[in-house]
Each structure stands twice: as structure tokens, then as C-alpha cells.
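Asker: For chain C, the structure is supplied; the task is to place chain P on it using the hints.
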Amino acid sequence: MSDKLVSLEGIAKRYPAPGGATTTIFENLWLTMNRGEFTCIIGHSGCGKTTVLNILAGLDNPSEGAVIVDNREITGPSLDRAVIFQSHALLPWRTVMGNVAYAVSSKWRKWSSARTREHAQKFIDLVGLTGSEHKRPSELSGGMKQRVGIARALSIEPKMMLMDEPFSALDALTRGTLQDEVRRICLTTGQTTFMISHDVDEGIYLADKIVLMTNGPGAVVAEIVENPLPKERARIDLHRHPLYYPLRNHIIDFLVTRSRTFVGVTPDYDPRKVVVIRPRGEPVAVAPIANAS
Amino acid sequence: MLSSLTLRASLVSVALLGAILGLWHVATMGSGPAVKMDPEYAKLMGATATQGKSAMPGPADVGAKIWQHLKDPFYDRGTNDKGIGIQLAYSIARVAFGYLLAVAVAIPVGFLIGMSPLMSRALDPFIQVMKPISPLAWMPLALYTIKDSGISAIFVIFICSLWPMLINTAFGVAGVRKEWLNVARTLEVGTLRRAFTIILPAAAPTIVTGMRISIGIAWLVIVAAEMLVGGTGIGYFVWNEWNNLSITNVIIAILVIGLVGMVLDQLLARVGRLVTFPE
Chain C
1 MSDKLVSLEG
11 IAKRYPAPGG
21 ATTTIFENLW
31 LTMNRGEFTC
41 IIGHSGCGKT
51 TVLNILAGLD
61 NPSEGAVIVD
71 NREITGPSLD
81 RAVIFQSHAL
91 LPWRTVMGNV
101 AYAVSSKWRK
111 WSSARTREHA
121 QKFIDLVGLT
131 GSEHKRPSEL
141 SGGMKQRVGI
151 ARALSIEPKM
161 MLMDEPFSAL
171 DALTRGTLQD
181 EVRRICLTTG
191 QTTFMISHDV
201 DEGIYLADKI
211 VLMTNGPGAV
221 VAEIVENPLP
231 KERARIDLHR
241 HPLYYPLRNH
251 IIDFLVTRSR
261 TFVGVTPDYD
271 PRKVVVIRPR
281 GEPVAVAPIA
291 NAS
Chain P
294 MLSSLTLRAS
304 LVSVALLGAI
314 LGLWHVATMG
324 SGPAVKMDPE
334 YAKLMGATAT
344 QGKSAMPGPA
354 DVGAKIWQHL
364 KDPFYDRGTN
374 DKGIGIQLAY
384 SIARVAFGYL
394 LAVAVAIPVG
404 FLIGMSPLMS
414 RALDPFIQVM
424 KPISPLAWMP
434 LALYTIKDSG
444 ISAIFVIFIC
454 SLWPMLINTA
464 FGVAGVRKEW
474 LNVARTLEVG
484 TLRRAFTIIL
494 PAAAPTIVTG
504 MRISIGIAWL
514 VIVAAEMLVG
524 GTGIGYFVWN
534 EWNNLSITNV
544 IIAILVIGLV
554 GMVLDQLLAR
564 VGRLVTFPE
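Here the protein sequences come in this chain order: C and P.
Just so you know, this note's numbering puts 70 at position 70 of the first sequence, and the rest follows in order with no gaps.
With positions in the second sequence counted from 1, the corresponding number in this note's numbering is that position plus 293.
Bear in mind the hints are in silico, worked out from the structure with no lab data behind them.
None of the hints are false.
Derived DSSO-like pairs: lysine-lysine, alpha-carbon spacing no greater than 30 angstroms straight-line:
1. C:LYS107 with P:LYS471
2. P:LYS471 with C:LYS135
3. P:LYS471 with C:LYS110
4. P:LYS471 with C:LYS159
5. C:LYS231 with C:LYS122
6. P:LYS471 with C:LYS122
Facing chain C, from chain P, some residues (calculated, C-beta under 10 angstroms):
7. TRP473
8. ASN475
9. VAL476
10. THR479
11. LEU480
12. VAL482
13. THR490
14. ILE491
15. PRO494
16. ALA495
17. VAL568
18. THR569
19. PHE570
Each residue gets a CB set at the ideal place from its N, CA and C atoms; glycine is no exception.
Next comes chain C alone, as it looks inside the complex (with noise of 0.2 angstroms):
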């Protein structure tokens, strides 16, 4: 597999509770992501998704194991690896323009300021934020935030984009046009990216792969689906493909029950070689798959 780019190896998180005992939110966790390929992470609240993320992103440290990227363990935080935080993580201070450029100064520190700034302008225009350079994040709406958040996690040109549940906060609306965006550039960028989320519905808009987390504490990683859907989807006639209620089936009915009881029934589980699927929908789908433009 030459086109590895991250590996999760056996990482751990444990917090010492009370009474001197410790929690573990998860442990011996394998993972592993491919170049330009889009993961999901669906799970439950506290099974750990965030804390993985964290330590992806080299901003939290795993109690055991360790996370290889571009064959090199991480030891912190690093440029290669661009976050998109749930809360967009604005510099209020900073317009538009300041936020975008501070990111690229940072990672250019010798570039003159003009062409940082140009740099960042093609950003900008990226998200379709052209014209509100010189707004300061307060003057943006919830969805304008965020697109200045992809602009700046993007113009850093990263080797993996991480997304902690980006559209969280959004309406609906919003929320839809944004993935839109983000599965634009991520398909015309072929960035690699790694994203939380707890809507299912966009996990399989926009995700390769699903992984699919049991409940914490001590959850695992219970399978791997892949996303059968064709690249080419559009949000508005996924839901007519004849793969997409089987996928969506096999997702809610994990969340809703195997979460629960995946480690219980499993007893011959694996961390080290998690089960990859690939929804056929043998029961319901009887159509070939469409070949959707």
C-alpha cells in the first residue's frame, strides 16, 4: 500500500478517575487513511471520536501507541495537518483576509506581504468569499465563518484537512451548501481528510470511508464501511440511488443497537484487522447500480 498516508497504531486514551482507578475512553485503536481519500467518523457522544482527532492533530497526546503520517511518527502539531475546529476558531481581532494570511505567514514566514495576500485571495475565492476580505468575523454569518475556516485550514496546503464536526452549528441550509463546497475542493484538490461527524446523511455524501465507533468508554472501532455510492453523487438524488437506504440502514441500525452491543457479541473481535464492508443491499436492491452521469 504505497498510498498510506496515515496510520493509527494501537493508540490509547486514558483519564485517571476517581477512587485512583482510570477511565479508558478507548484503546488499541488501528486505523489507517489512504492519500486523498475522505474518512468519516460516526459514533456516539464520548466514545472518543474528538480525542481522536486531537491527537491526529497532535493537539492531545494518546496514553499508548502511536500515529504515523507520511511514515513519520507525529510528535505534536504540525502544518501538515490543518484542523477545522467545530467552533471555526475565528481571531476576532483578524478581517477575513487577517485570519487567511496569519495561516499562511505561518507557513510561508519569509513570503513578502503582498504575496501573502495573494496567496490567501485564492483562498478567499475558494469558499466564494470574495468582497467580505476586510470583514471581521463578527460581521459573518455562522456558514461565512466557517468558509473563512476551510479557506485558512486549506491555504496552508496541508497533507490531511481534520474537520471536528464542521457544520454542527450551521442551519440546515447552510449546512448543505457547505458540503457542497467542501466536497468541491476536496474532489478538485484531492486533499485528504479526516472528519467527524453525527449526521449520517453527510457521511455518505461526503466520505469514502465510514468508520463506525462503538460507545465509550473502552469503544472500538467496529467496522469500516466503505461507501458504495459513485464518486459522482449529488446531494439532491443521492437519496434515489439503490445503494443509498441500504448503506443508510446499515448505519442507523449500528448506531441504534449494534453500538451498544457490538463488544459483547464480538468475541473474536480484531482491532488490528477491523472488518471493511461494503453494503451491496442484497436484500432491497434488486436495480444494477446506475452509473449516475
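Answerer: Structure of chain P alone, referenced to chain C:
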């Protein structure tokens, strides 16, 4: 609506001022010759005894004296007779020196305390003990060690403006949102650049609030300090005019102290507005 509110408020302010001045005038008005007395004796006794005039000057007396001061604020006729402008300049210079010195110490040390939990805990007992000490209590020690009354006054200003700035800086720096620091971490921003581009702007409103509290305290303390050290300054002027029994000048000095204090406060308020960011 807003402008009309401002207008109405200023009308009320002017009316209140008029009422106060009127009351003041009436209260200090003479009640006419009190007792018949020999004109030669009356001359010796002065208006207070002969015309029942109050020893407290009225607004007209104070106004006339203010006009006199305004015409020539910077005269210098020896040690005990300097224009009110010169006295004010001395006080403002002392406050400025002591205050800027305190800024230069409080902000870096505040940063250190805010960024390092170890230093925060280690320095906390010292700050807690030093903070409640009246700045004037330092005066004898300052006079003894520095041996210069002028510099001692500056030291007292320094020590009294230090604590609010130090505590607010430390508080502001320690309270910088984790997400902004995480942004800096993911962008691999170095410590120095992080301090200037993330922590300083994020903590600036809190720091300036501390600076505003400090300038207020410094201006309160300078009057008392100058009464002690003597020689020059608005505080000395007040005490000197008290010794001269010139209540008019004392009242004028009180007004001037208030006005300068307001200007200093407004200056810092303006700085505060500059560094405040809407969220």
C-alpha cells in the same frame, strides 16, 4: 432617539449645575452688616465679621480666581508661588514616569504569570500581601532608601499602579481561549510570535482595563504623596493654599484634579475601545 436622549441628559446636567451654583451662591452670600462697630475696627475685622459674609468663597470669587489662573498658568515667583499649570505639569510628569515604569514591569511579569502556572502559584502570595498595602505606607521606606523626595513620589506611583495592571494582565493572558491557542499550535507558531499575535490582542481589553484602573489610582495617590513630599505638584499646591487659608485656591485645585483625572481616564477608555474586538 439617541440624540434626543443625549440632548435631554445634557439639559438635566446643565440644570443641575445651575442649581448647585445657585445654592452655593446663596449659601455663601453675606447677610448684611451684623453689628454696628467702629469703622476703624471694622477694617481690621474684614468682611466676614462686618458684613456677615461667609468665609467660604462663592462661585463668583472662584470664577474670578480661575480666570486669573487661566490668564497666567505658568508663572514662577519662587518656591511657594508657582502657577497652577506648573504645579499640574509636575504632578502629571510624576504620574507619567511612575505609571510607565509600572507598565514596563507589570505587563511582562503579568505575561509570565499568566502563561506559567508555576510562576502564577509561586508569585501569588507575594502579590496577595503587597496588593493591599497603602502606597503611602511605602513612603518612609522610599525616602530612606532613595533619599530623594521627587523620586520617592514616583516610586509610590509606580508601586500603586503596578498591582491592578499585573493582576489584570495575568488574568487576561491566562484566560485566552483555548481554541485560539490551538489555532496557533496547529499553525506551528513560535512562542514569541504567539505572545504578540494571539495572546496580546486577545488579552488586550483586559490589560487596558487594568491600566485604566491603575491610572485612576495613580492620580488619587499623587495628591496625597505630594502633600507629604512637598515642594511642587498639585498636591503640594492644595496643602500650601490651605496653609495660606486660600479656600478659593483649594476649591480650584480640587476642580482641576477632578478634570485631569477625567481626561486621563478618558484617554485610557479610548485606548480600550481601540483594542476591544466584537465577537
